[in-house]
Amino acid sequence: MRVRSLRAPSNQARLAIGALALFAAFAPPVAALDAGAPAPALALPQSGGQIVSLESLRGRVVYVDFWASWCGPCRQSFPWMNEMQRKYGARGLTIVGVNVDKRDADAQRFLQQVPATFTIVYDPKGEAPAAYGVKAMPSSYLVDAQGRIAFVEYGFKDDRKAELERQIAVALGTH
Amino acid sequence: MKTLFALLIAVALGGCAALQPPQPWEKGDLARPSMQIDPDPLQTTLEQHIYTSKEAATGGYGVGGGGCGCN
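For the protein sequence lines, the chains are A and B, in the order given. Note that the numbering used here has the first sequence beginning at 1, numbered continuously upward. Note that the numbering used here has the second sequence beginning at 1, numbered continuously upward.
Just so you know, these hints were derived from the structure itself, not from any lab. Backbone N, C-alpha and C define an ideal beta-carbon position, used for all residues, glycine too. Heads up, a few of these hints could be off.
Said to hold, decoys possible - Straight line, CA to CA, 27 Å or less: simulated DSSO-like cross-link-like pairs of lysine-lysine: (1) A:157 to A:102; (2) A:135 to B:27; (3) A:135 to A:102; (4) A:102 to A:125; (5) A:161 to B:27; (6) A:157 to B:27; (7) A:161 to A:87; (8) B:27 to A:125; (9) A:157 to A:135; (10) A:125 to A:135; (11) A:157 to A:87; (12) B:2 to A:102.
What the hints assert, rightly or not - The following residues of chain B were derived to be distant from chain A, with all beta-carbon distances above 12 Å: (13) 37; (14) 38; (15) 39; (16) 46; (17) 48; (18) 50; (19) 51; (20) 52.
Go ahead and model the full structure; you've got the sequences and the hints to work with.
Next comes the structure, spelled out in structure tokens:
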């Protein structure tokens with residue numbers, strides 16, 4: 001049997017490789033994260049410029065919430081998140097709101113109307129929501145003290161508040 | 001050269017189907033009221049009523065809302 005030596009790829013092979021490369025370029029973002037998966041790294045700036053990263057918050061339970069000025073349910077979730085930060089902050093909870101507005105002015109106008117007492121970071125390019133596989137706005141990811149996703153919530157509804165608070169308490173309980 | 005040409009044709013035939021729809025976090029501009037199909041139902045009803053009356057066109061498209069009871 002004749003062994004084929006390494007040589008330049010045939011035209012057919014080039015076509016296949018080119019097509020694959022193009023499909024990869026148009027590939028959809030990552031699939032949704034499940035509970036138990038390690039939380040993707042986050043390192044985003046606050047309004048003053050200082051970077052907040054998940055790594056620096058290791059050991060605390062982090063509630064990562066993706067929000068935007070154009071997201072209606074966010075107007076309801078902010079007062080609730082303020083309440084959670086106030087209630088559980090001392091027990092080890094840090095809420096990080098990741099803003100995905102393309103224009104900063106929109107985000108600031110929202111924050112003037114609906115103030116936040118928790119950490120707000122900005123990701124106008126949208127790399128963090130892509131890494132987290134965000135499927136709806138708002139999306140919340142509860143990251144436990146070991147850096148793993150404990151709970152995922154898409155959207156925000158009033159009747160889910162009790163369940164979300166219970167999840168936070170459970171994550172803090174094992175802290 | 002022929003390979004490249006064939007590849008380009010393959011992509012062009014795909015057209016915009018190859019692109020991703022807007023991601024959930026990119027839908028800010030789509031959420032503006034002016035991007036709705038019918039941003040102001042009352043305005044649409046009034047316009048349709050005037051259109052029907054003046055142009056004697058039948059019905060206009062089915063319009064809900066409004067309060068004048070003409071439809």
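To see whether the hints hold, each was checked on the structure:
1. About 25 Å separates the Cα atoms of residue 157 of chain A and residue 102 of chain A, which keeps this hinted pair within 27 Å; it holds.
2. For the hint linking residue 135 of chain A to residue 27 of chain B, the alpha-carbon distance of about 12 Å falls within 27 Å, and the restraint holds.
3. For a cut-off of 27 Å, the pair hint linking residue 135 of chain A to residue 102 of chain A stands: about 18 Å separates their Cα positions.
4. Note on residue 102 of chain A and residue 125 of chain A: the hinted pairing holds, with a Cα-Cα distance of about 7 Å set against a maximum of 27 Å.
5. With a CA separation close to 25 Å, the supplied pair residue 161 of chain A and residue 27 of chain B stays within the 27 Å bound.
6. Pair hint residue 157 of chain A plus residue 27 of chain B holds up; C-alpha atoms about 20 Å apart against a cutoff of 27 Å.
7. A distance of roughly 14 Å separates the Cα atoms of residue 161 of chain A and residue 87 of chain A; the hinted pair therefore holds under the 27 Å criterion.
8. Only pairs whose Cα atoms come within 27 Å are accepted, and residue 27 of chain B paired with residue 125 of chain A is accepted, the gap being roughly 13 Å.
9. For the hint pairing residue 157 of chain A with residue 135 of chain A, the CA-to-CA distance comes to about 16 Å; that is within 27 Å, so the pair holds.
10. Of the supplied pair hints, the one linking residue 125 of chain A and residue 135 of chain A holds, its CA atoms being roughly 16 Å apart against a limit of 27 Å.
11. Straight-line distance between C-alpha atoms of residue 157 of chain A and residue 87 of chain A comes to about 20 Å, which keeps the hinted pair within the 27 Å bound.
12. With a C-alpha separation of about 42 Å, the suggested pair residue 2 of chain B and residue 102 of chain A falls outside the 27 Å cut-off, and the hint is violated.
13. Non-interface status of residue 37 of chain B relative to chain A is upheld: no Cβ of that chain comes within 12 Å, the nearest being about 18 Å off.
14. Separation of residue 38 of chain B from chain A is adequate, the least Cβ-Cβ distance of about 18 Å exceeding the 12 Å criterion.
15. Here residue 39 of chain B stays apart from chain A, with its beta-carbon at least about 15 Å from theirs, past the 12 Å limit.
16. At the 12 Å boundary, the C-beta of residue 46 of chain B stays outside the reach of chain A, the nearest C-beta of that chain being 27 Å off.
17. With 12 Å as the threshold on Cβ separation, the claim that residue 48 of chain B sits away from chain A holds: the shortest Cβ distance comes to roughly 28 Å.
18. Look at residue 50 of chain B: its CB is around 33 Å from the nearest CB on chain A, clear of 12 Å, so calling it non-interface holds up.
19. For residue 51 of chain B, the shortest C-beta to C-beta distance to chain A comes to about 32 Å, beyond the 12 Å cut-off, and the non-interface label holds.
20. In this structure residue 52 of chain B is separated from chain A by more than 12 Å, as the shortest Cβ-Cβ distance comes to about 35 Å.
Checked against the numbered hints listed earlier, the structure breaks hint 12 alone; every other hint is satisfied.
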